[in-house]
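S.K.: Here is what each chain is made of, one letter per residue.
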Amino acid sequence: MKIIVCIKQVPNSADVKIDPKTNTLIREGVESVINPFDTYAIEEAVRLKERFAGTITIITMGPPQAEAALREALSLGCDEAILISDRAFAGSDTWATSYTLSSAIKKIGSYDLILCGKQASDGDTAQVGPGVATHLDIPQVTYVKKIEEINGEKARVERLVEDGYEIVEVSLPCLFTVVKEINVPRLPSLKGKIKAKAAKVAVWNAASLECDPKRLGLEGSPTKVMKIFNPPPRKGAVKITGEPEEAVDKLIELLGKDLPR
Amino acid sequence: MERIRILKDKCTGCKLCVRACPFAAITIQDRKAVIDLTKCNLCGACVEACKFSAIELKKETAAKGTDLGLYKNVWVFCEQKKGKIQSISWELLGEGRKLADKLKVKLCGILLGSNISGAAAGIIERGADEVYVVDEKELENYLDEPYTNILVELVREYRPEIFLCGATTLGRSLVSRVAVKIYTGLTADCTGLDIDKETGNLLQTRPAFGGNIMATIITPNYRPQMATVRHKVMKEAAVQKGRKGAVIAKRFDKKIYASRTRLINMVDELEQTVNLCEADIIVSGGRGLGCADNFKLIRELAISIGGAVGASRAAVDSDWIPYSHQVGQTGKTVCPKIYIACGISGQIQHLIGMQSSDVIIAINRDPDAPIFNVATYGIVGDLFQVVPLLTKRFKEVCKK
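Chains as they are written, first to last, in the numbering used here: chain A, 23 to 283; chain B, 36 to 435.
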C-alpha cells in the first residue's frame, strides 16, 4: 500500500501563553511542532504499513524550517519526506495550498491513500484536505475515526458526525482526514530518530512542480486577509468568594436574566 | 522586488509590529524591524499596527478573477438530516436576509434531499425569496460527490454573489470541494459577516489561533464569495407565516449522482443525544472531579439548567467520559450562551475550545487557575460543595 501523509508545522499551543495585561498571545519563543491532528494521520499510516506493508511518503508545504516536522515524521516510521518550499507559496490561502499540495502529489505519481489531520490547529479551516482530494479528483471521507477494512480497491471507515458516526464505504485511491479518536500516536524510537537524522529530505520548489504559477501563493489565492485584530479582551472573572451558599446565591443574582426561565 | 518591506528611514524600532505579527516573523535588529520572509504570510497586520507608515505592502495583484457584475443574490445552503432542516439553516437565513437587504438582492435557499420539496415553504417563511430544490432519491443522505456536483452546476447556472453554508461536518466537507471546483474563495467558520459599503464585498470575520486572533477576510476578485458560518453565532430568522416566494425545482442528468462513496449506516451515540456544538448551555467537568463516578454531579447540574455535558481532555484521557464530550483543541469547539467549567484549571488547549462562549462560569478551588482569566464569573471554592448547591438553586430558578 502506498500512502501519502500531508502535514503542517504549527506553533505549539502548549507553549502559547496569554499576556494577562493585553489578553493577546505571547508568541516569542514558541516552538514549532507537527499539527496535533496530523500526528494521528502519521500514526494511522504507520499502522497500515505495519499491517499491509508498503511505503509512506510524508509531505508538507512550508518554510525551510518545516523540515524539522518532516524529520520527526520520518523518525516515527515514514519512509520518504518531501518539503514543498518556495517564496512563491507565501500568502497561500486554502485554495492555493491545496492546489500546491495536489501538484506535488501528482508529481509523486501513484498512491492508494492520502491521509491528513482533520484541520490545522492554527488556521482551523478543515478545507485543505477536501481541497486536495478535489484537485486530484478522488473521493474523500472527512473526520474518519476508524478504518474498519481496507484493501487495494476499497475501504470501509467510520466517520465522526455531530450526533454519532457514519459507516462509509469508499473506493481507492481516496483521501481521509482523521480525528483524534482514531489512534494513540507512538513516540519515536531511538533507532527511528537516528534513521531520521541521516535521511534525505527532498525539497521541491515551484519550478519543479507542473503547475500554473498564477495559481500559487498570494496571487493564486481568491481570499485575502483584510485585517487581523485582537478579540475584545475579557476583563477576567468577577470572583465570588465566601461560603458556598452565599457564593451560589450571588452567582444566581449576577446571572439574572441570562438564566433560562 | 519583495511584496513587503520596512522603510528603514521611517522605522523607529518601536516593536509595535513585532507584537502585532501573528506569525512571529518580525524581530528588531539594530533598532530597526526586520521581517523574516520565510515566516511572513503577507497578512498586513504589521502595516496596520505601525504608527509611522514604515511598512510597505503591495497587496494589489494583477490576477483578475471572475467578471463580478454577472453575479447576484445571496444563497444559503439549507442542510437537512433525515428530512429535517437543521437549525443552522435558520441562522444562515437570518443573516443572509440582512446581507441581501443591504445589497438589495434576493435571498435564495438551496435544498437537496429526497421527498424534501415540502420543506421549501418553511424556508420561504424564514425569509427566502426563492428556493432551489433538487428532490431525488439519490440525495436522501449526504454524499460528497453528488452534492458537490449539483451545487457546482447551480452556481454556474444562476451565479450567486454570496454563498453561505453551516460550518458543520457536512458543510465543511461539501463546500471545500465546491469552492475548489469553481475556483473561488471560501472562508471557514465565520463569526461575523457584513457588507463593505464602498466595494460591496462580503466582510468575513473569523477567529484564528483558537479565537486568540480575529481576522477579516475578503474575496475581492472571485465569485461567489463563499463562507461557512459557525453554529449559534447568528440569530435564527423568525417565522413569517404565509410569506410567499418562488420554488424552483431542478432536475439533472442521472450521471450527476454518481458517487465513489456509499453510506452504509448511521449510528447515534448512546451517551446522550444533545449535540454539544448546538447546545445553548454546557456544563463541563475536569480533573478536579477526581473520578468517573463524580461526573454524575456534572450531569445533574446540566439537567437542572437544561444543558449538555462537556469535559476537559484530562477527564476524557482518564476514561471518565467518552471523547465525544471533549471540549478544546483536540475536541469540539463550542460557543454556548452559558458555559460552566467545574474543576477545570483552564489549559490553553481547553480555552481555545470554549472562550467564545457568551457567559463563562468557573468553579475552581485554585484562585489563580487560568480559567478565571476568561471567565465572566468565578466561584473560588470546592466544587463538591458548590455544584450540588448550584444544582438545587437552578432547579428552583429555572422551572423547566
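I should point out that these hints are in silico values taken from the structure, not numbers from a laboratory. No residue lacks a Cβ here, since even glycine has one placed at the ideal position from N, Cα and C. Please note: incorrect hints may appear among the correct ones.
Pairwise CB distance ranges (calculated) [as the list claims (entries may be wrong)]:
#, chain 1, residue 1, chain 2, residue 2, range
1, A, LYS215, B, LYS119, 51 to 57 Å
2, A, ASN252, B, ASP403, 50 to 56 Å
3, B, THR234, A, PHE74, 50 to 56 Å
4, B, ASP352, A, ASN173, 31 to 37 Å
5, B, ASN176, A, LYS236, 36 to 42 Å
6, B, GLY235, A, GLU191, 26 to 32 Å
7, B, PRO357, A, ILE216, 36 to 42 Å
8, B, ASP288, A, LYS176, 48 to 54 Å
9, A, ALA224, B, VAL282, 50 to 56 Å
10, B, LYS331, A, LYS236, 46 to 52 Å
Derived DSS-like pairs: lysine-lysine, alpha-carbon spacing no greater than 25 Å straight-line [what the hints assert, rightly or not]:
#, chain 1, residue 1, chain 2, residue 2
11, B, LYS216, A, LYS128
12, B, LYS270, B, LYS141
13, B, LYS50, A, LYS261
14, A, LYS272, B, LYS216
15, B, LYS427, A, LYS249
16, B, LYS430, A, LYS261
17, A, LYS272, B, LYS430
18, A, LYS128, A, LYS272
19, B, LYS107, B, LYS216
20, A, LYS279, B, LYS270
21, B, LYS372, A, LYS261
22, B, LYS67, B, LYS86
23, A, LYS249, B, LYS43
S.K.: Give a verdict on every hint.
M.R.: Here is what the structure says about each hint:
1. LYS215/A / LYS119/B: 51 to 57 Å: The hint (51 to 57 Å, Cβ to Cβ) holds, given that LYS215/A and LYS119/B are roughly 52 Å apart.
2. ASN252/A / ASP403/B: 50 to 56 Å: Taking Cβ atoms as reference, ASN252/A and ASP403/B lie about 23 Å apart, which means the hint is violated.
3. THR234/B / PHE74/A: 50 to 56 Å: holds, 53 Å
4. ASP352/B / ASN173/A: 31 to 37 Å: Given range 31 to 37 Å: holds, Cβ gap about 33 Å.
5. ASN176/B / LYS236/A: 36 to 42 Å: holds, 38 Å
6. GLY235/B / GLU191/A: 26 to 32 Å: Violated: the Cβ-Cβ distance is about 45 Å, outside 26 to 32 Å.
7. PRO357/B / ILE216/A: 36 to 42 Å: Check passed, 39 Å falls within 36 to 42 Å.
8. ASP288/B / LYS176/A: 48 to 54 Å: violated, 26 Å
9. ALA224/A / VAL282/B: 50 to 56 Å: For ALA224/A and VAL282/B the Cβ distance comes to about 55 Å; the hint holds.
10. LYS331/B / LYS236/A: 46 to 52 Å: violated, 60 Å
11. LYS216/B / LYS128/A: Holds - the C-alpha atoms of LYS128/A and LYS216/B are around 17 Å apart, at most 25 Å.
12. LYS270/B / LYS141/B: Status holds; Cα separation ~19 Å.
13. LYS50/B / LYS261/A: violated, 34 Å
14. LYS272/A / LYS216/B: violated, 55 Å
15. LYS427/B / LYS249/A: violated, 47 Å
16. LYS430/B / LYS261/A: holds, 23 Å
17. LYS272/A / LYS430/B: holds, 16 Å
18. LYS128/A / LYS272/A: With Cα atoms ~63 Å apart, LYS128/A and LYS272/A exceed 25 Å; violated.
19. LYS107/B / LYS216/B: Given that 25 Å is the threshold and the Cα spacing comes to 19 Å, the pair holds.
20. LYS279/A / LYS270/B: Given that 25 Å is the threshold and the Cα spacing comes to 18 Å, the pair holds.
21. LYS372/B / LYS261/A: Satisfied, since the Cα-Cα distance of roughly 19 Å is no more than 25 Å.
22. LYS67/B / LYS86/B: Measuring from Cα to Cα gives roughly 14 Å; hence the hint holds.
23. LYS249/A / LYS43/B: holds, 23 Å
Of the numbered hints given earlier, the model fails hints 2, 6, 8, 10, 13, 14, 15, 18; all others are met.
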